[in-house]
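Residue numbers 0 to 203, in numbering that gives the first Met the number 0, belong to the letters of the sequence shown in order.
Treat the hints as calculated values from the structure; they're not laboratory data. You may find that some hints are simply not true.
[What the hints assert, rightly or not] Derived lysine-lysine pairs resembling DSSO-like cross-links, with alpha carbons at most 27 Å apart: (1) 177 <-> 98; (2) 98 <-> 154; (3) 13 <-> 98.
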Amino acid sequence: MTTEIRHIVFDIGKVLVHYDPSIPFNRIIPDDAERAWFLANVCTNEWNIEQDRGRTWEEAEALLIAEHPEREEHIRAFRKNWHDMVPHAYDDSVAILEKLIAEGRDVTMLTNFASDTFREAQTRFDFLSKPRGVTVSGDIGLIKPDVAIYEAHVKSFGLDPASTIFIDDSLANVEGAKAAGWNAVHFTGAEKLRSDLAAYGIEV
Numbered sequence: 000m001t002t003e004i005r006h007i008v009f010d011i012g013k014v015l016v017h018y019d020p021s022i023p024f025n026r027i028i029p030d031d032a033e034r035a036w037f038l039a040n041v042c043t044n045e046w047n048i049e050q051d052r053g054r055t056w057e058e059a060e061a062l063l064i065a066e067h068p069e070r071e072e073h074i075r076a077f078r079k080n081w082h083d084m085v086p087h088a089y090d091d092s093v094a095i096l097e098k099l100i101a102e103g104r105d106v107t108m109l110t111n112f113a114s115d116t117f118r119e120a121q122t123r124f125d126f127l128s129k130p131r132g133v134t135v136s137g138d139i140g141l142i143k144p145d146v147a148i149y150e151a152h153v154k155s156f157g158l159d160p161a162s163t164i165f166i167d168d169s170l171a172n173v174e175g176a177k178a179a180g181w182n183a184v185h186f187t188g189a190e191k192l193r194s195d196l197a198a199y200g201i202e203v
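Work out the full structure: start from the sequences and follow the hints.
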């Protein structure tokens, strides 16, 4: 690569921290078919991502309870048991993040995350406070892969898009970054990330 990378931007969920909404619901709704139906039709990914865009949990819950009153307890269980959905960090990815910071590289984070659950995650995972800063979708009302969120991150942190590399587990979000003029790599594991960064002249 001929591009000199001066800014490294990490996604969080499924890159640094494990996230799986089905974990608490394995306990809450033990029946496999019923649980699958609930997560596909009630507390869906499409519903949850609106909290990442800034909708409050109160509003989100009220919306679903009006449509599925018999499911109120399960709907409220989603936020109530959110901590179980993020059971651990990916130590090998975190080690890369921390090494880059220790070397003095400019590291920030850009994440689709509800405002309150991000602050909860920060209290549990101290490495989320180590980069120079973070753009949280729920704070600014924009979500990836909307090009506007990448532009907002550039403006907030004074980045040069052409000298920026973004790391995300979602191909759509990788493409969004590229559309904003960034370099971007698809995260599938720490070893691939090491080789992807090496291709841009960053050895970790």
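Of all the hints given earlier, name the ones this structure violates by number, lowest first.
The structure breaks none of the hints.
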